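Trainee: Taken in sequence, the protein lines are chains U and G.
Using the numbering used here, you'd call the opening residue of the first sequence number 8 and step up by one each time.
Using the numbering used here, you'd call the opening residue of the second sequence number 55 and step up by one each time.
Since the hints were derived computationally from the structure, they do not count as laboratory data.
Since we're looking at a predicted model, the values are computed, not measured.
Treat the hints with caution; some may be incorrect.
Label pairs and their in silico Cβ distance ranges [said to hold, decoys possible]:
hint, chain 1, residue 1, chain 2, residue 2, range
1, U, Gly75, G, Arg337, 56 to 64 Å
2, U, Asp153, G, Arg251, 22 to 30 Å
3, G, Trp205, U, Gln84, 54 to 62 Å
4, U, Glu31, G, Arg342, 42 to 50 Å
5, G, Arg337, U, Thr10, 33 to 41 Å
6, G, Ser176, U, Gly75, 43 to 51 Å
7, G, Gln191, U, Asp63, 44 to 52 Å
By construction, the Cβ of each residue, glycine as well, lies at the ideal position given by its N, Cα and C atoms.
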Amino acid sequence: MFTLHAVGKTFPDGLRALDAITAEIGAGEFVALLGPSGCGKSTLLRLLAGLERPSDGSISWESGRQPGPGDIGYVFQDATLLPWADAASNVFLPLRLRGVSRAEAAPRIATMLEQVGLADFAHTMPQALSGGMRMRVSIARALISDPLLLLMDEPFAALDEFTRHRLQEDLRGLWRRSGKTIVFVTHSIYEAAFLASRILVMSPRPGRIAADFSTPLPDGAARRGSPEYAALVADITETFRRVMPA
Amino acid sequence: MNKKKQKNFMNAGPGALSPTTPQARHRKNFCAAFFKKRPLASLERAAPFLFGLIALALWQGAVWALRVPPYVLPGPLAIGAAYFGDYRVLDPALLSTLTVTLTALAAATAIGVTLAVAMAASPLFRAAVQPWAVILQVTPVVAIAPLIIIWVNQPFIALVVCATIVAFFPILSNTAAGLAATPPELLDLFRLNGASRWQILLLLRLPSALPAFLVGLRISGTLALVGAVVAEFVAGSGGFASGLAYSIIEASYRLEIPRMFAALVLLGVSGVVIYALLGLLARMLLRRRGSA
C-alpha cells in the first residue's frame with residue numbers, strides 16, 4: 008500500500024526522532040509499531056497521516072496516490088470528542104467537514120454507532136459515557152468516512168485492563184471482517200502480539216526498525232493462551248533486551 | 055458484510071455498558087444529594103440572606119441606640135424611605151447607568167472577541183496589538199475619562215466608550231486563552247478531513263473557547279458597571295446630569311446622605327444581578343457539556 012524509503016525526522020530543536028526507516032506495508036495488513044516511549048512511533052504515524060513531513064527519505068503510496076481528505080482515519084490516545092456534541096454528532100463530524108448533510112449521513116451514523124455497540128447512546132453527551140465507550144465513539148468517527156488507512160496512536164493505553172481486552176478483541180474482529188489497513192502504535196508487547204499481523208519493533212531514539220515479526224498465531228478465543236503467542240512475546244522481549252541501552 | 059455479524063462486531067455487551075448509563079448516574083447523584091447534602095445545602099443558600107438581615111438589624115439598632123444623626127450615618131430604614139421618596143429621580147438614573155453598562159458590555163464583547171479571533175489567526179497581529187491592549191488596561195480610566203469626554207461630544211457615547219475600555223480586557227484575554235487552548239489533536243483531526251479555516255474557527259475554535267469567554271464575560275459585566283459609574287462621576291462633575299453616579303454627587307453636595315446610600319444600594323444590587331445573570335447564562339450554555 009505504501010513504502011517508506013529511508014525516512015528520517017529531525018525536529019527544529021535538533022532532536023533526531025526517526026532515522027532511516029525503511030519498510031513496505033501491504034494493503035490489508037495490521038501493523039503494530041512497537042517501542043518504548045519516545046522512540047518516535049507517534050512521529051512516524053504523523054508522517055504517514057501527512058500531518059508532518061519527513062526531514063529526509065520519502066513515503067511513496069501505491070500507484071502514486073497520496074491520501075486525500077477522509078482517506079485516513081486517525082484515533083488518538085484520548086478519545087478527543089467534541090464535548091459540546093452528542094455521540095452521533097461526533098461520529099458525523101468527518102462527513103460534516105466535507106459538506107455531507109446530516110440527513111444524508113444519518114443512516115451511516117446509525118450503522119457506525121451500532122457497529123461499535125453504542126446504538127442506544129446516539130444522543131448521549133461524551134461526559135456521560137465511560138472511557139471505553141468514548142473510545143468506541145472515537146473509533147466510529149475514524150471509520151465513518153470509510154478510510155483507506157486507519158492510524159491508531161496508543162488508543163487503549165488509558166483504559167483499564169478489562170475494557171482494553173474487550174476493545175482489542177473487537178478491533179481485531181473489525182479488522183478481520185473489513186480488511187482495512189491498520190497501523191497501530193503501542194508500547195505494550197502483549198497488545199502488539201495479540202492484535203497485529205505484523206509487528207515492527209522500534210529501537211530507542213532515534214527510532215529505527217530493530218525487528219520485523221509476521222508470525223501467524225491461532226485466531227479466536229485461544230489466541231491469548233496459545234504457545235505461539237507466548238513464544239512471540241518471548242521473542243520480542245529478547246529483541247528489546249538486545250536493542251535497549253543498559 | 056453479514057448483517058447479523060455487523061450487529062455484534064464491537065458490541066460491548068450488557069456487562070460493559072450498564073454501570074454508567076446516564077440515567078443510573080443521574081439517579082445516584084440525585085439520591086446522594088437528597089439524603090446527604092439537602093439540609094446543609096438549603097442552610098447554605100439562606101446564609102447570605104440571614105447574614106444580611108442580621109447585619110441590617112444590628113446597623114439599625116446601633117443607629118437608634120447611639121442616636122447617630124442621619125447626615126453622618128442613616129439607618130437602613132431611612133435609606134429605604136429615601137428610595138421610596140425619590141424613586142422618580144433614582145429609577146431613571148438607574149436605567150441610564152444600566153443602559154450605559156449593557157451597551158458597553160455588548161461593545162466590549164464585540165471588540166474583545168473580534169480582537170481575540172484576529173490574534174489567534176495572525177501572530178503578527180497579536181504581536182502588534184497585545185502590548186497596546188495591556189497599556190489601555192493598566193491606565194486608570196479616571197485618568198482617560200476627561201479626555202474622552204472632551205473628544206466625544208455626545209455624552210452617552212463618551213460614557214459607553216469609557217466603560218468599554220474598562221470592560222473589554224477580560225473578554226479579550228480569556229477568549230484568546232480559550233482559543234489558544236484548542237486541543238491540538240482535534241486541530242489535526244479537522245485538518246485530516248480537509249476542514250477550511252472557517253470550519254476550524256466556527257466548529258472547533260470558537261466552541262472550545264466558549265467556557266473561557268463566559269468567565270471573561272462575567273468579569274467584564276461587573277467591570278462595565280464600574281466603568282460606567284467612574285465615567286459618570288467625571289462627566290457629572292462637568293455638568294452632564296445623568297446616571298446614579300450623578301445622583302450620588304448631587305446628594306453629597308446637598309448632604310442628603312440617605313439618598314446617597316439609596317443610590318449606592320441600587321448600584322450594588324445592579325452589580326450582583328449582572329453577575330448572577332451572567333453566571334446563569336454560562337450555566338445554561340455549558341449545561342450539556344457537564345463541565346460548567
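Trainee: Return the numbers of the hints above that this structure violates; sort them in rising order.
Mentor: 1, 5, 6
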